[in-house]
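A.B. asks: Chain D: place on chain A using the hints.
Chain by chain, the residues:
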Amino acid sequence: MKKVFPTISLINKKTRVNSASKYISMFFSLFSAIVLFAILGFIIYKSIYAFEVYGIKNILFSDKFNIASNEVSFWLPFVSTIITTFIALLIAIPVGVKTAIFIKFRLNKKYRKFIRVVSETLAGIPSVIFGLFASQSLAPVLNVFGINSYSVFTASIMLSFMIVPTIISMSLNSLDAVDDNLFSNPIAIGCTKTRSIYKVYLKSARNGIIVAVILAMGRSIGETMALSMILQNESLYTSSFNSGLISTLNTDLKTISVVISTNMFGENSNEQTRSLLFVFGLILFVFIMVFNIVIFYITSDKKSKNKNKRFYKMIDKIFYFLLFIPNCIATGFEWLTFSVKRNKPINDNNDVIEYIRIRTEKYKFQNLYTWYKLFWEFVSFIICMGLLLWITLLILSQGIVAIQVGNTTIFNYEKNTTGQSFLNTTLIIFIAILIGLPISLVSSVYLNEYCTNKKFKSVINFFMDSLGSTPSILFGMFGLIFFIETLGWTSDGAKGYSLIAGALTIVLVIIPSLTRSIQEALIQIPNEIRINALALGSSKFEVIRKIILPTALTGIVTSIVMSIGRILSETAPLYLTSGLTSANVTSLDRPGQTLTTRIYAQLYNTNISDGINIMYEVAFITLLLITTLIIIGYYVIPNYKNIKKWFSNKLIFTKVHLKKEFSLEN
Amino acid sequence: MKKAIKYFFAIMLVAIPIGFIIGFSKAWYSQPSITAAGSTAVQPLLTELGNNYNFADVVVQPGGSGFGIKVAATNTKSLGNASKNTFNSVQRAEKEKDGYTYEMWDSYKLKTVTIAWDGIAIVYKPINQNDNPLVINEDNIKLIYESFAGDKQIKLSDLFIGNGNDNKPDSKNIHIAPYARTGGSKASGTAASFLNESELVDNWDSIKNIKKKLETGDYGPYTTSTNESNVESWNRFRNESKQKNGTMIYLSTGFVHLNRKIIEDAGFHIARYYNKSINEVVEPNTNNITNKKYGWYSPLNTLIPIEKANQTTKDFVWWIVSNPKANQIINTKGYSYLSDSDKALMFLDEDNIIESNYKDNKDAFFRAHDTIWNPRDINENNEYIGTKYGNWYGAPKNIKKDNK
Chain A
9 MKKVFPTISL INKKTRVNSA SKYISMFFSL FSAIVLFAIL GFIIYKSIYA FEVYGIKNIL
69 FSDKFNIASN EVSFWLPFVS TIITTFIALL IAIPVGVKTA IFIKFRLNKK YRKFIRVVSE
129 TLAGIPSVIF GLFASQSLAP VLNVFGINSY SVFTASIMLS FMIVPTIISM SLNSLDAVDD
189 NLFSNPIAIG CTKTRSIYKV YLKSARNGII VAVILAMGRS IGETMALSMI LQNESLYTSS
249 FNSGLISTLN TDLKTISVVI STNMFGENSN EQTRSLLFVF GLILFVFIMV FNIVIFYITS
309 DKKSKNKNKR FYKMIDKIFY FLLFIPNCIA TGFEWLTFSV KRNKPINDNN DVIEYIRIRT
369 EKYKFQNLYT WYKLFWEFVS FIICMGLLLW ITLLILSQGI VAIQVGNTTI FNYEKNTTGQ
429 SFLNTTLIIF IAILIGLPIS LVSSVYLNEY CTNKKFKSVI NFFMDSLGST PSILFGMFGL
489 IFFIETLGWT SDGAKGYSLI AGALTIVLVI IPSLTRSIQE ALIQIPNEIR INALALGSSK
549 FEVIRKIILP TALTGIVTSI VMSIGRILSE TAPLYLTSGL TSANVTSLDR PGQTLTTRIY
609 AQLYNTNISD GINIMYEVAF ITLLLITTLI IIGYYVIPNY KNIKKWFSNK LIFTKVHLKK
669 EFSLEN
Chain D
32 MKKAIKYFFA IMLVAIPIGF IIGFSKAWYS QPSITAAGST AVQPLLTELG NNYNFADVVV
92 QPGGSGFGIK VAATNTKSLG NASKNTFNSV QRAEKEKDGY TYEMWDSYKL KTVTIAWDGI
152 AIVYKPINQN DNPLVINEDN IKLIYESFAG DKQIKLSDLF IGNGNDNKPD SKNIHIAPYA
212 RTGGSKASGT AASFLNESEL VDNWDSIKNI KKKLETGDYG PYTTSTNESN VESWNRFRNE
272 SKQKNGTMIY LSTGFVHLNR KIIEDAGFHI ARYYNKSINE VVEPNTNNIT NKKYGWYSPL
332 NTLIPIEKAN QTTKDFVWWI VSNPKANQII NTKGYSYLSD SDKALMFLDE DNIIESNYKD
392 NKDAFFRAHD TIWNPRDINE NNEYIGTKYG NWYGAPKNIK KDNK
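Taken in order, these protein sequences are the chains called A and D.
For the working numbering, add 8 to where a residue sits in the first sequence, where the first one is 1.
For the working numbering, add 31 to where a residue sits in the second sequence, where the first one is 1.
In short, the hints are calculated from the structure, not lab data.
Among the clues, some could well be false.
Derived pair list, reagent style EDC-like, types lysine to aspartate or glutamate, alpha-carbon separation capped at 16 Å [claimed, not checked]:
| id | chain 1 | residue 1 | chain 2 | residue 2 |
| --- | --- | --- | --- | --- |
| 1 | D | Lys126 | A | Glu60 |
| 2 | A | Lys211 | A | Asp187 |
| 3 | D | Lys243 | A | Asp359 |
| 4 | A | Lys423 | D | Glu79 |
| 5 | D | Lys364 | A | Glu79 |
| 6 | D | Lys242 | D | Glu177 |
| 7 | D | Lys339 | D | Glu79 |
Values in this document were obtained by computation on a predicted structure and should not be read as measured data.
Isolated chain A (complex conformation):
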């Protein structure tokens, strides 16, 4: 029978594999959903006590903040968060998107990939280093303009530096995914290159850019370590806000995530304080979720616009009202510059053509738009590259000096040495990616390819986006209580710390952003490819395995690189679970310092010059590590075939050569 009807058994096998993959991926996405809900549940559970003690009135409806005297308004630190995030996004979005456009359209193909790799290196620099950079190197420059070194404004600029790489690389990914016809078609009907980029191409890449902005916003709201090195004041909220925005920008008021992390283990903080901080984390979570929903609705496609026509009409009217004067100015400007007046009324198409011909011929400012856009693109690009050069040179020069001057421990693997922390970091990255990548990849495949329930999908995505912005110290507390105090996965039982607990906690931290960015990479594959493949008789599983995943490889690699960057820059979850100091031996069940926590530990080093030297030495090593990983991600993995070919060619060559030699000798 088999021989007669091979196709039936083949089809049966196909369906079996397909449904198996569907359910397995569903299981994975449910698993990650359950884990995320567990964390949320943990935060809620932990915050109950503070709600009982302080009461909602004290937390949400008061205007005083001093934790020690039980004045715990959420809003005062949150305003500081909003200010820093807003300014950071205000700088980072235009700069990031314009740089992405510059790299994609204006740069020679040869340099495109190189520049991209370079810009992503910036994403992997630990946030502690950014804090160091901002307080030591950026602040003196801003001082020239009369801005305090330790101020909200300095912190915002630093934050914008930190989120620019995310925006650049994700915008580039979504620009790459747009159908190229959308670029050439407008040119064919007479648009300039710049106009076709901005008016057509960019608009179809919009959704990807929005996800990039949400992720960047998440990072800037949840950022703790770098900000806590700049923002140190929590006593002057009321008086600063009363004295106006400009003077607030010059003060060093803590943001909500800094308040959470610095008070979590304050000198006298107890369970009550910690519970209060969980309340803050919870409110922040809810707030970000609402914010994401608003962004989603404002920017959603026209298809869903029809559902809420009245709402969108209102928004359109608001925009019309807001842009009334600028529009008038633009129209007036056009009337002034385009002096050819239409004398006769337009009756037929020929008149229209004539009109357009005259207008294009006589239009004196035709290239103004192009030059204007080009100018800003160039400026953004220069800003990005200058910034990158600045930080890299600082780390390289100071790092080399530190290695030569200090008692360097780069090649030592004993307790609390740079060599050991390097080993620990690579171990944690390896395990976290090994566990986190399959979970994220499979669940994003499910959410994107199999899942037909739109509500389930959007609920999960909202939770992911909001958890991505939750201060990671709360994840660290979850890891501490679950992996260590409950499961006791350390050499010292529930008393100790361990690398494996740290790696698992980091998995929880990266799952939301990793899943979201992989999803984004999958979405960007044109739907036609799927439809065509399905029409040719392949099952959904085959489409995913053979077409979608290979096509999305660059996007997935970018997501992994960004997650590694996140792992490298996380401090709080790691030092809570894998310890701030190392054990004598490197072993998964023992505590271990990572590169970032090693830098953080130097804040408590009593010897100033030693501390600074170690910080720069570690930063130097971190930079080398991230560069190596990025090179592997972008050059080695995609060019695997070529490299293999090259090696086998060499091998054959040597074999032949050797044979010749031997035969000659014989």
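C.D. replies: Showing chain D alone in chain A's frame:
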């Protein structure tokens, strides 16, 4: 390519379990581990002590004294660290609010072991490098507290009063610009020592509001808040002092001791301290604290639950107390070790331990845990009011010999 992926997965399937087994398996020369957590002031010292201890792998985590007391009282870590007297916290502990109770403390037989002293030094920027450094005494300490509270500007020259300040510098128009730790003494151990341990204020009534501000960290507009760690606050202080005079900060003496040259080269002065009982002006350094000449210091304690602690932990604690090498490490890190007579106070009175024979009495040391004598015999100011001296909070700072 396909083959390569298959091979890769096959290798992974074998390699991952082996890797995990290797990763989890204990190394051949593995040592028992001791995990400590708590005060950020104790952490660097205990880490250094642990690095030099050969019989266990000591891992120390920072996290504040409150956390240190909690982990010791609940036995969630081998040792808990606190840079303050444990008495008040434990007496007021509630299960819900603090995570532990007095009864838990009692049943685990907690012993507070003082491993070293760390002082507070005032560093400030003078107008003139050649001026005499400020001497802190009973007359100007309240002014210093008042300026750190931040509601009123006080002139630097106004501080030069009382004993030891004979040569007043010529700095009439310079106001003090204080740098205090954010969150006040409730959030920072250094701020707590700064406020509570100076031993120069007898009566707080006249500056009640100032004390409250320094406790809660609700500073006025003239005070700049800094982070808890000495390095961070020093960096900020130094950077901002480039533009203004009269800046003043409190730092740990350990930090000042190790970085004295950097501090003085940057043009700062380190204030000295007037000791009334010996009528002498003393420098803030390690020896003066060990000899109890410099009075502005606080204990660095580690807390051990004797009932639950294993032998390794006990051995480590005893090594710190009894081994001369430990004293040497404490000194090189800039802290002040305890004199032998102070160490003898951590034993029971009954055993007749005196400074000459304390090293031979390890058992007596661990028998003397905090609640053998009724701790409630100590009043709010940590003064003993009972008949016998208890062993409540390690080596007591102010032992009145006649009380014993």
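A.B. asks: Check whether the Cα positions of Lys243/D and Asp359/A lie no farther apart than 16 Å.
C.D. replies: Given pair Lys243/D, Asp359/A is violated - Cα atoms ~83 Å apart, limit 16 Å.
A.B. asks: Measure nothing beyond the straight line between the CA atoms of Lys423/A and Glu79/D; if it is 16 Å or shorter, mark the hint as holding.
C.D. replies: 11 Å, holds
A.B. asks: Keeping to a limit of 16 Å between CA atoms, is the pair of Lys126/D and Glu60/A held or broken?
C.D. replies: 15 Å, holds
A.B. asks: Holds or violated: are the alpha carbons of Lys364/D and Glu79/A at most 16 Å from each other?
C.D. replies: 39 Å, violated
A.B. asks: Checking one constraint from the list: CA of Lys339/D to CA of Glu79/D, max 16 Å. Satisfied?
C.D. replies: 25 Å, violated
A.B. asks: Is Lys211/A within 16 Å of Asp187/A, Cα to Cα?
C.D. replies: 12 Å, holds
A.B. asks: So if I understand the rule, the pair passes when the alpha-carbon distance is 16 Å or less; does Lys242/D with Glu177/D pass?
C.D. replies: Judged against 16 Å, a Cα distance of about 8 Å means the pair holds.
The structure fails to meet hints 3, 5 and 7 from the earlier list, while all remaining hints are met.
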